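When you get a sec, could you build the whole thing from the sequences and use the hints?
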Amino acid sequence: MTRFILIALSLLFLGLMVILPVIAIFHRAFADGFGAYRAAILDPETLAAIRLTVIATLLVLPLNVIFGVAAAWAIARFRFVGRRVLLILIEIPFAVSPIVAGLCFLLIYGAYGPVGALLEPYGVQLMFNLTGIVLVSAFVTCPFVMREVLPVLMVTGEDEELAAVTLGANGWQIFRHVVLPNISWGLAYGVVLTMARAMGEFGAVSVVAGAIRGQTMTLPLQIELMYNDYNATGAFAAATVLTALALVTLVLRGVLNRFGPKREAHA
Amino acid sequence: MTFQALDIHKSFGDTEVLKGVSLSMDEGEFVALLGPSGSGKTTLLNIIAGLAHADRGQLLFAGEDITRLPAGQRHFGFVFQNYALFRHMTVAQNIAFGLRVLPRKSRPSRSAIAARTRELLEMIEMADLADRFPAQLSGGQRQRVAMARALAIEPRLLLMDEPFSALDAQVRQSLRESVRDLQRKAGVGAIMVTHDRAEAWALADRVAVMNEGHIVQFDRPEVLSSNPSSDFVRLLVRADAA
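Heads up: the protein sequence lines correspond to chains A and B, in order. Last residue of the first sequence: 266 in numbering that gives the first Met the number 0, with the numbers rising by one and none dropped. Last residue of the second sequence: 241 in numbering that gives the first Met the number 0, with the numbers rising by one and none dropped.
A few of these clues could be false.
Not close to chain A: a few residues of chain B, all C-beta gaps over 12 Å, as computed [stated by the list, open to error]:
| hint | residue |
| --- | --- |
| 1 | ASN81 |
| 2 | MET125 |
| 3 | ALA145 |
| 4 | VAL170 |
| 5 | TRP200 |
| 6 | ASP230 |
| 7 | PHE231 |
Simulated restraints on C-beta separations [to be verified]:
| hint | chain 1 | residue 1 | chain 2 | residue 2 | range |
| --- | --- | --- | --- | --- | --- |
| 8 | B | GLN135 | A | ARG82 | 30 to 40 Å |
| 9 | A | LEU118 | B | ALA165 | 50 to 60 Å |
| 10 | A | LEU86 | B | ASP127 | 39 to 49 Å |
| 11 | A | PRO180 | B | LEU68 | 53 to 63 Å |
| 12 | A | VAL254 | B | ASP25 | 52 to 62 Å |
| 13 | B | PRO69 | A | ILE18 | 54 to 64 Å |
| 14 | A | ALA69 | B | PRO69 | 43 to 53 Å |
| 15 | B | GLU121 | A | PRO180 | 19 to 29 Å |
| 16 | A | ASP158 | B | GLN169 | 20 to 30 Å |
| 17 | B | ASP127 | A | ASN256 | 32 to 42 Å |
| 18 | B | ALA165 | A | VAL154 | 17 to 27 Å |
I should point out that these hints are in silico values taken from the structure, not numbers from a laboratory. Treat the numbers as computed from the prediction; the structure is a model and nothing was measured. No residue lacks a Cβ here, since even glycine has one placed at the ideal position from N, Cα and C.
What follows is the structure, encoded as C-alpha cells:
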C-alpha cells in the first residue's frame, strides 16, 4: 500500500510538474497548425536567436572545458596557497542569482565600469553584444566541468601520472595519454551540463545582452519577447526548439550514465 | 661504481625522514632497502627516482650529478607498489608507452616499437595477453607488465617499490625468480624497497637495512646474518628466520 501511494504520488507530481508542461509547449506551438509553426520557426528573428544561442554556447564550452580541467587538475594534484579558497570560489556561480551575476558583470565590464572604461578608448565594448553573452554564460556554467572532473581525478589517483613521468612523458603527453582518457566520461558529462545551462540561461544574459532585436537576443530572451508581444505561437514555437535542444542533452546524459561508468569498470 | 647517493637528508614538515643516507652500488647489482615502515626506505627510493627531492645531499650516476635532473630524464625504470598500469591502455600499449613518448628524433619507428614490445611480451611470457586491459589481469600478470613497461625504456637503473606486496604468498615465490631473471637479462642494476626479510635475502646481492632515517648496515645477506652490526639488525634477521 505504502509502495502504491509513493509511486502514485511521484508519478502524479512528475506528470503535473514536468510532463504536462512539456506537452503543453508542443500543443500550443502547433495549435495554429503546422504552417503557422513553420512560419514562426523560420521567422528571421527567431532564426537569428537560435544561431546566436548556438554560437554563444560553442564559445562558452571551450572556455569552461579548459578552465574546468585545469582547475580540477590543480586542485586534485597540488597543494597550494588558495586551494581551499578556489574550491569554494568556484561554487559561487551556483549560489548567486543569475540576474545578480549579470548586474555584477555590467558593473565591472560595462562602459562605466573599471574594466569597461579602460577598454573603451580602444573601441572595445564588452557588454551588450556576443562577448557579454559569452562572458556571463561562462560565469554561470563555470563550475560544471570542474565539479564533474575533480571527483574522477581524486578517485583515479596520481600513480598513473607518476608512472608516465618516470617513463619520460612530458606534461602535455601525460595529459593527452593518461589524464584525458581517464577523465573523458566525467568531462563529457560536464560538457553536457554546461551546454544545457548555457543554452537556457535567461537571467544573467538578459542583463548584459542589451535586447537588440535580431542581434543580441538569445533564444530564451526571444521567447520572452515574443510572448510579451502577444505572439504566443512564435514564443511556443521557439520554445519547442529550446526544449528539443534540452531533450537532446538529456538523451546524451542518459547515454553517458548508461555507458560511462560501465565501461570504466571494464577498463 | 655506477650509482651513489651521498648524505641524503629529507624532512616532511617537522619530521626528519632521512637523516643523512649514503649508498653506493656496483654495476648490475641488486640492492634491497629493507626496514620497517617509517624507516624512510620508500622516500629514499622516490628521491632516487626523482619523484621527490632531497633537502640536502647528492645523487651521482656514473660520475654525473643527477640530483637536479627531472625524473623523466634519468632513464630509471620504476615499478610501483600498486603497479600504476595505465588502465585504459592494453598490455602492449602499456609496455610501449615509454617508447611512444620519446622525442621524435630519438623515437624508434612504429615497427621497431612493435618489435620491442613483442620481445618484452615474450620475455614476461604474456604474448597471448597483449590486447588485454589491466583490469582483466591477475595480480601476478600486472606485476610482470609493470616490469616490462619499466624495462622497455632500457633503463640505467631499475627501481621497485614493494613489488610483491600486493600478491599472495604462492605467486610471490614464483615471481621472485622471474624478477631476478628479468633483471639479469636486462643487465641492469636494481634497487628494491621491501619490508620482507625473506624477499630481500632471496633477491638481493646486498641489503641495506634501514631504521629511523639511517642505513644501519649495508652488506651481503650472509654477512648480515653472521655478523650483524647492531641489535636492531640481529633482531630483524632472526625474527623472520624463526
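So, going through the hints one by one against the coordinates:
1. ASN81: violated (6 Å)
2. MET125: holds (18 Å)
3. ALA145: Incorrect as stated: the minimum Cβ-Cβ distance to chain A is 8 Å, not above 12 Å.
4. VAL170: holds (21 Å)
5. TRP200: holds (27 Å)
6. ASP230: holds (37 Å)
7. PHE231: With a cut-off of 12 Å, PHE231 (chain B) remains clear of chain A, as the shortest Cβ separation is near 31 Å.
8. B:GLN135 <-> A:ARG82: 30 to 40 Å: Roughly 37 Å apart at Cβ, these two residues keep to the hinted range, so it holds.
9. A:LEU118 <-> B:ALA165: 50 to 60 Å: holds (58 Å)
10. A:LEU86 <-> B:ASP127: 39 to 49 Å: holds (47 Å)
11. A:PRO180 <-> B:LEU68: 53 to 63 Å: Since the Cβ atoms of PRO180 (chain A) and LEU68 (chain B) sit about 28 Å apart, the hinted range of 53 to 63 Å is violated.
12. A:VAL254 <-> B:ASP25: 52 to 62 Å: Distance hint for VAL254 (chain A), ASP25 (chain B) holds at roughly 58 Å.
13. B:PRO69 <-> A:ILE18: 54 to 64 Å: holds (58 Å)
14. A:ALA69 <-> B:PRO69: 43 to 53 Å: For PRO69 (chain B) against ALA69 (chain A), whose Cβ atoms are near 21 Å apart, the range 43 to 53 Å is violated.
15. B:GLU121 <-> A:PRO180: 19 to 29 Å: Taking Cβ atoms as reference, GLU121 (chain B) and PRO180 (chain A) lie about 27 Å apart, which means the hint holds.
16. A:ASP158 <-> B:GLN169: 20 to 30 Å: Once the Cβ atoms are compared, 26 Å apart, the range 20 to 30 Å for GLN169 (chain B) and ASP158 (chain A) holds.
17. B:ASP127 <-> A:ASN256: 32 to 42 Å: Given a distance of about 35 Å, which is inside 32 to 42 Å, the answer is holds.
18. B:ALA165 <-> A:VAL154: 17 to 27 Å: Holds: the Cβ-Cβ distance is about 19 Å, inside 17 to 27 Å.
Comparing the model with each numbered hint stated earlier shows that hints 1, 3, 11 and 14 do not hold.
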